Amino acid sequence: MSTEEVAERDEADIAADYIEELLDIVDLDGDIDIDDSGSRVLIAVTAPEGGTGLSALSRPDAVAALQDLTRLAVQAKTGEFSRLILDVGGSRDTRATELAAIVDAAVARIEEGATSAALPPMSSYERKLVHDLVAERGFVSESEGEGRDRHTVIRRG
Numbered sequence: 009m010s011t012e013e014v015a016e017r018d019e020a021d022i023a024a025d026y027i028e029e030l031l032d033i034v035d036l037d038g039d040i041d042i043d044d045s046g047s048r049v050l051i052a053v054t055a056p057e058g059g060t061g062l063s064a065l066s067r068p069d070a071v072a073a074l075q076d077l078t079r080l081a082v083q084a085k086t087g088e089f090s091r092l093i094l095d096v097g098g099s100r101d102t103r104a105t106e107l108a109a110i111v112d113a114a115v116a117r118i119e120e121g122a123t124s125a126a127l128p129p130m131s132s133y134e135r136k137l138v139h140d141l142v143a144e145r146g147f148v149s150e151s152e153g154e155g156r157d158r159h160t161v162i163r164r165g
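The opening position of the sequence shown corresponds to residue 9 in the numbering used here, with each subsequent residue numbered one higher.
Derived from the structure by calculation, the hints contain no laboratory data. Keep in mind the model is a prediction, meaning the values are calculated, not measured. No residue lacks a Cβ here, since even glycine has one placed at the ideal position from N, Cα and C. Do not take every clue at face value.
[Claimed, not checked] Pair by pair, the computed Cβ-Cβ distance ranges are:
| no. | residue 1 | residue 2 | range |
| --- | --- | --- | --- |
| 1 | Asp76 | Asp18 | 42 to 50 angstroms |
| 2 | Glu29 | Asp140 | 31 to 39 angstroms |
| 3 | Thr86 | Asp32 | 40 to 48 angstroms |
| 4 | Asp32 | Ser124 | 25 to 33 angstroms |
| 5 | Ala113 | Thr86 | 37 to 45 angstroms |
| 6 | Glu119 | Thr54 | 35 to 43 angstroms |
| 7 | Arg164 | Asp21 | 45 to 53 angstroms |
| 8 | Ser124 | Asp41 | 20 to 28 angstroms |
| 9 | Gly87 | Gly121 | 50 to 58 angstroms |
| 10 | Gly153 | Asp69 | 19 to 27 angstroms |
| 11 | Ala73 | Arg117 | 27 to 35 angstroms |
Let the hints inform the model, and build the full structure from the sequences given.
As structure tokens, this is what we get:
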């Protein structure tokens, strides 16, 4: 196992332990799955069979906050910045569907004559998803702005 693979494994284990402790504190049941086969570690928290208690944590703002806290917990233990992705109760699939609708609306504005369409600010992960969706639709996009104001602008190809 390479040093990078060991670091990813440590990151994943630390993140999973942190989330498990948080679920215990708030008295919620959740199954934690780790996928560290890509360029980022993905931690998925799902409700156990028959369970429904994760709905409050699966809201986009809650997932983003929990992801930030988990990244900070990993960084505190490893000394390295974490780029892990957190999915709670299928929140990433839900958000991907929402992003596709946002891109489709922006593309429609361009097809109706607008020269470009600016989307709301998003995380780097969401902007990457948007760039992929835009390319699939035959348009081009680029990120503009700084920090929390960073957003995607779509134009004709």
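Checked hints:
{"no.": "1", "hint": "Asp76 / Asp18: 42 to 50 angstroms", "verdict": "violated (19 angstroms)"}
{"no.": "2", "hint": "Glu29 / Asp140: 31 to 39 angstroms", "verdict": "holds (34 angstroms)"}
{"no.": "3", "hint": "Thr86 / Asp32: 40 to 48 angstroms", "verdict": "violated (22 angstroms)"}
{"no.": "4", "hint": "Asp32 / Ser124: 25 to 33 angstroms", "verdict": "violated (48 angstroms)"}
{"no.": "5", "hint": "Ala113 / Thr86: 37 to 45 angstroms", "verdict": "holds (40 angstroms)"}
{"no.": "6", "hint": "Glu119 / Thr54: 35 to 43 angstroms", "verdict": "holds (38 angstroms)"}
{"no.": "7", "hint": "Arg164 / Asp21: 45 to 53 angstroms", "verdict": "holds (46 angstroms)"}
{"no.": "8", "hint": "Ser124 / Asp41: 20 to 28 angstroms", "verdict": "violated (39 angstroms)"}
{"no.": "9", "hint": "Gly87 / Gly121: 50 to 58 angstroms", "verdict": "holds (52 angstroms)"}
{"no.": "10", "hint": "Gly153 / Asp69: 19 to 27 angstroms", "verdict": "holds (20 angstroms)"}
{"no.": "11", "hint": "Ala73 / Arg117: 27 to 35 angstroms", "verdict": "holds (31 angstroms)"}
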